[in-house]
Amino acid sequence: MLFRFSATPDFDFITYFARHLQTPIHNGVLEIPEKLGQGSIRKVAFGPDFKITLHHYLLQEELLLERTASGLGNELVTIFFYDNEQALGIAYNQEPPVLFSQRTESAIQVTSNDLSSTIRFPAQQRIQYVVVAITPTRLTELLALRDPNSVLQTITGRGNSFLFFESMPAEARLLLTKLMTVDLQASLSQFYLQIKVQELLYLVFQKLSLRENATHQPLNSADAARLLEVRQALLRDLSVPPVLRELAHVAAMSETKLKQLFKQTFGTPIYSYYQQARMEEAAFLLKHGRYSVAQVGYELGFSNLSHFSRLFEKHYGQNPKKFSVS
Numbered sequence: 000m001l002f003r004f005s006a007t008p009d010f011d012f013i014t015y016f017a018r019h020l021q022t023p024i025h026n027g028v029l030e031i032p033e034k035l036g037q038g039s040i041r042k043v044a045f046g047p048d049f050k051i052t053l054h055h056y057l058l059q060e061e062l063l064l065e066r067t068a069s070g071l072g073n074e075l076v077t078i079f080f081y082d083n084e085q086a087l088g089i090a091y092n093q094e095p096p097v098l099f100s101q102r103t104e105s106a107i108q109v110t111s112n113d114l115s116s117t118i119r120f121p122a123q124q125r126i127q128y129v130v131v132a133i134t135p136t137r138l139t140e141l142l143a144l145r146d147p148n149s150v151l152q153t154i155t156g157r158g159n160s161f162l163f164f165e166s167m168p169a170e171a172r173l174l175l176t177k178l179m180t181v182d183l184q185a186s187l188s189q190f191y192l193q194i195k196v197q198e199l200l201y202l203v204f205q206k207l208s209l210r211e212n213a214t215h216q217p218l219n220s221a222d223a224a225r226l227l228e229v230r231q232a233l234l235r236d237l238s239v240p241p242v243l244r245e246l247a248h249v250a251a252m253s254e255t256k257l258k259q260l261f262k263q264t265f266g267t268p269i270y271s272y273y274q275q276a277r278m279e280e281a282a283f284l285l286k287h288g289r290y291s292v293a294q295v296g297y298e299l300g301f302s303n304l305s306h307f308s309r310l311f312e313k314h315y316g317q318n319p320k321k322f323s324v325s
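Note that numbering that gives the first Met the number 0 has the sequence shown beginning at 0, numbered continuously upward.
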């Protein structure tokens with residue numbers, strides 16, 4: 000199933016998607032028809048310039064959500080929180096999809112509405128993600144920034160094209176769980192939701208505010224697609240360190256431009272991103288894969304296990320052995 004839309008400020012996803020499914024909306028809730036799956040999409044608006052959509056469902060067939068560029072510049076800031084355990088395929092500029100899930104270091108996506116993208120939802124898998132849409136003006140009022148860094152200036156300014164990724168902290172996952180389980184008919188539910196959504200935004204923009212000041216490099220849908228290809232190449236085999244020259248070839252960019260855009264988008268240099276992903280995979284394998292410390296180290300390309308232990312302890316505050324039994 001394919002659903003195309005343009006993310007203009009006045010676009011209401013749930014209304015148009017309900018028409019596409021030929022399904023009614025009751026009190027802001029779209030129940031997925033039994034013939035298509037199970038679950039729901041819920042929308043709550045905190046005014047015409049600030050709304051949240053909560054997706055929680057399982058579908059009988061694959062769903063493609065194709066968002067086309069609005070052509071209006073940055074008239075709407077969209078924040079995606081990918082809270083599903085199974086990975087979703089996300090693509091820009093009609094390129095092949097790249098997988099994201101709550102366990103990836105890029106589970107939160109902040110983007111302007113002038114970039115085209117596609118999200119691929121697999122069939123027969125539980126889908127859970129949240130979308131916050133807010134105008135730059137309303138966001139500026141909420142953040143009440145005194146001295147914003149260049150990243151926040153870009154996001155809250157008008158006419159800027161941007162794409163930023165962040166990891167999903169534990170506090171954000173807890174907030175998303177609370178949002179998903181709120182009874183929309185309960186007294187003060189909208190007030191409660193607005194507080195929790197603002198907490199969620201605080202966690203995202205607090206992290207973005209810590210990024211270093213740098214001149215923002217313009218970004219288009221083709222650039223976004225190439226950066227995701229680079230990320231996929233970077234993470235394809237975590238036992239092999241990245242080679243900048245090869246990644247620049249994948250991106251069809253100069254090495255300088257790739258380094259600038261990658262750090263701008265993902266918040267960290269290419270090699271640091273690779274090392275962080277390595278450590279997160281190590282932590283996951285130690286906790287859930289029943290691997291020994293030596294097996295994990297060698298699996299991730301460490302010939303020196305002492306170096307692996309030191310690097311792991313630097314990231315997690317304890318050595319791999321203690322971490323695996325904690």
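There could be a bad hint or two in this list.
Here are the simulated lysine to aspartate or glutamate pairs, EDC-like style, with alpha carbons at most 20 angstroms apart [what the hints assert, rightly or not]:
| no. | residue 1 | residue 2 |
| --- | --- | --- |
| 1 | LYS195 | GLU30 |
| 2 | LYS256 | GLU211 |
| 3 | LYS262 | GLU211 |
| 4 | LYS50 | GLU33 |
| 5 | LYS34 | GLU74 |
| 6 | LYS195 | GLU170 |
| 7 | LYS262 | GLU228 |
| 8 | LYS313 | GLU279 |
| 9 | LYS50 | ASP11 |
| 10 | LYS286 | GLU312 |
| 11 | LYS206 | ASP146 |
| 12 | LYS256 | GLU279 |
| 13 | LYS195 | GLU140 |
| 14 | LYS206 | GLU254 |
| 15 | LYS206 | GLU298 |
| 16 | LYS256 | GLU280 |
| 17 | LYS206 | GLU228 |
| 18 | LYS34 | GLU61 |
| 19 | LYS50 | GLU140 |
| 20 | LYS286 | GLU298 |
| 21 | LYS34 | ASP9 |
| 22 | LYS50 | GLU74 |
| 23 | LYS321 | GLU298 |
| 24 | LYS195 | GLU211 |
| 25 | LYS42 | GLU30 |
| 26 | LYS262 | GLU312 |
| 27 | LYS320 | GLU279 |
| 28 | LYS206 | GLU170 |
| 29 | LYS50 | ASP182 |
| 30 | LYS42 | ASP182 |
| 31 | LYS177 | ASP146 |
| 32 | LYS321 | GLU254 |
| 33 | LYS50 | GLU198 |
| 34 | LYS50 | GLU61 |
Here are the computed distance ranges between Cβ atoms for each label pair [stated by the list, open to error]:
| no. | residue 1 | residue 2 | range |
| --- | --- | --- | --- |
| 35 | ASN148 | GLY46 | 24 to 30 angstroms |
| 36 | LEU173 | GLY38 | 35 to 41 angstroms |
| 37 | THR176 | PHE283 | 17 to 23 angstroms |
| 38 | GLN21 | THR180 | 27 to 33 angstroms |
| 39 | SER305 | VAL28 | 54 to 60 angstroms |
Bear in mind the hints are in silico, worked out from the structure with no lab data behind them. Glycine included, each C-beta is placed from N, C-alpha and C at the ideal position.
Checked hints:
1. Restraint check for LYS195 and GLU30: not satisfied, since their Cα atoms lie roughly 23 angstroms apart, outside the 20 angstroms limit.
2. At most 20 angstroms may separate the alpha-carbon atoms for a hinted pair to count; LYS256 and GLU211 meet this at roughly 17 angstroms.
3. Annotation: proposed proximity of LYS262 to GLU211 holds, straight-line Cα distance about 10 angstroms (limit 20 angstroms).
4. For a cut-off of 20 angstroms, the pair hint linking LYS50 to GLU33 is broken: about 27 angstroms separates their Cα positions.
5. Between LYS34 and GLU74 the alpha-carbon distance is near 37 angstroms, which puts this suggested pair outside the 20 angstroms criterion.
6. In summary, the hint linking LYS195 to GLU170 is supported, as the alpha carbons are separated by about 11 angstroms, within the 20 angstroms threshold.
7. Only pairs whose Cα atoms come within 20 angstroms are accepted, and LYS262 paired with GLU228 is accepted, the gap being roughly 15 angstroms.
8. At most 20 angstroms may separate the alpha-carbon atoms for a hinted pair to count; LYS313 and GLU279 meet this at roughly 12 angstroms.
9. Using a Cα cut-off of 20 angstroms, the hinted pair LYS50 and ASP11 holds, with the two alpha carbons roughly 9 angstroms apart.
10. With a CA separation close to 15 angstroms, the supplied pair LYS286 and GLU312 stays within the 20 angstroms bound.
11. Taking the CA atoms of LYS206 and ASP146, the gap is about 15 angstroms. The hint holds against a cut of 20 angstroms.
12. Of the supplied pair hints, the one linking LYS256 and GLU279 is violated, its CA atoms being roughly 27 angstroms apart against a limit of 20 angstroms.
13. The straight-line distance between the Cα atoms of LYS195 and GLU140 is roughly 17 angstroms, inside the 20 angstroms bound, and the hint therefore holds.
14. With a C-alpha separation of about 26 angstroms, the suggested pairing of LYS206 with GLU254 is violated against the 20 angstroms cut-off.
15. The hinted pair formed by LYS206 and GLU298 fails the criterion: a straight-line CA distance of about 31 angstroms is larger than 20 angstroms.
16. The straight-line distance between the Cα atoms of LYS256 and GLU280 is roughly 28 angstroms, outside the 20 angstroms bound, and the hint therefore fails.
17. Restraint check for LYS206 and GLU228: the C-alpha separation of about 24 angstroms exceeds 20 angstroms, so the hint is violated.
18. The suggested pairing of LYS34 with GLU61 holds, with an alpha-carbon distance near 13 angstroms, which does not exceed 20 angstroms.
19. Pair hint LYS50 plus GLU140 holds up; C-alpha atoms about 15 angstroms apart against a cutoff of 20 angstroms.
20. Annotation: proposed proximity of LYS286 to GLU298 holds, straight-line Cα distance about 15 angstroms (limit 20 angstroms).
21. Distance hint between LYS34 and ASP9 is unfulfilled; the C-alpha atoms sit about 30 angstroms from each other, more than 20 angstroms.
22. With a C-alpha separation of about 14 angstroms, the suggested pairing of LYS50 with GLU74 holds against the 20 angstroms cut-off.
23. For the suggested pair LYS321 and GLU298, the alpha carbons sit about 19 angstroms apart, so the restraint of at most 20 angstroms is met.
24. For the hint pairing LYS195 with GLU211, the CA-to-CA distance comes to about 27 angstroms; that exceeds 20 angstroms, so the pair is violated.
25. As the CA atoms of LYS42 and GLU30 are separated by approximately 12 angstroms, the hinted pair is consistent with the 20 angstroms bound.
26. About 24 angstroms separates the Cα atoms of LYS262 and GLU312, which puts this hinted pair outside 20 angstroms; it is violated.
27. In summary, the hint linking LYS320 to GLU279 is supported, as the alpha carbons are separated by about 15 angstroms, within the 20 angstroms threshold.
28. Taken as a hint, the LYS206 and GLU170 pair is honoured in the structure, with Cα atoms around 13 angstroms apart against an allowance of 20 angstroms.
29. The straight-line distance between the Cα atoms of LYS50 and ASP182 is roughly 17 angstroms, inside the 20 angstroms bound, and the hint therefore holds.
30. Of the supplied pair hints, the one linking LYS42 and ASP182 holds, its CA atoms being roughly 12 angstroms apart against a limit of 20 angstroms.
31. Distance restraint check for LYS177 and ASP146: the Cα-Cα separation of roughly 32 angstroms exceeds the 20 angstroms cut-off, and the hinted pair is therefore not satisfied.
32. Distance hint between LYS321 and GLU254 is unfulfilled; the C-alpha atoms sit about 40 angstroms from each other, more than 20 angstroms.
33. Simply put, LYS50 and GLU198 have alpha-carbon atoms about 14 angstroms apart, close enough for the 20 angstroms limit, and the pair holds.
34. For the hint pairing LYS50 with GLU61, the CA-to-CA distance comes to about 26 angstroms; that exceeds 20 angstroms, so the pair is violated.
35. Checked against the hint of 24 to 30 angstroms, the pair ASN148 and GLY46 passes, with Cβ atoms roughly 27 angstroms apart.
36. Look at LEU173 against GLY38: about 21 angstroms separates their beta carbons, and that is not inside 35 to 41 angstroms.
37. At roughly 20 angstroms, the beta-carbon separation of THR176 and PHE283 lies within the given 17 to 23 angstroms, and the hint holds.
38. A beta carbon spacing of about 28 angstroms between GLN21 and THR180 agrees with the range 27 to 33 angstroms that was offered as a hint.
39. Under the hint 54 to 60 angstroms, the C-beta atoms of SER305 and VAL28, about 55 angstroms apart, fit the expected range.
The structure does not agree with the numbered hints 1, 4, 5, 12, 14, 15, 16, 17, 21, 24, 26, 31, 32, 34 and 36 stated previously, though it agrees with the rest.
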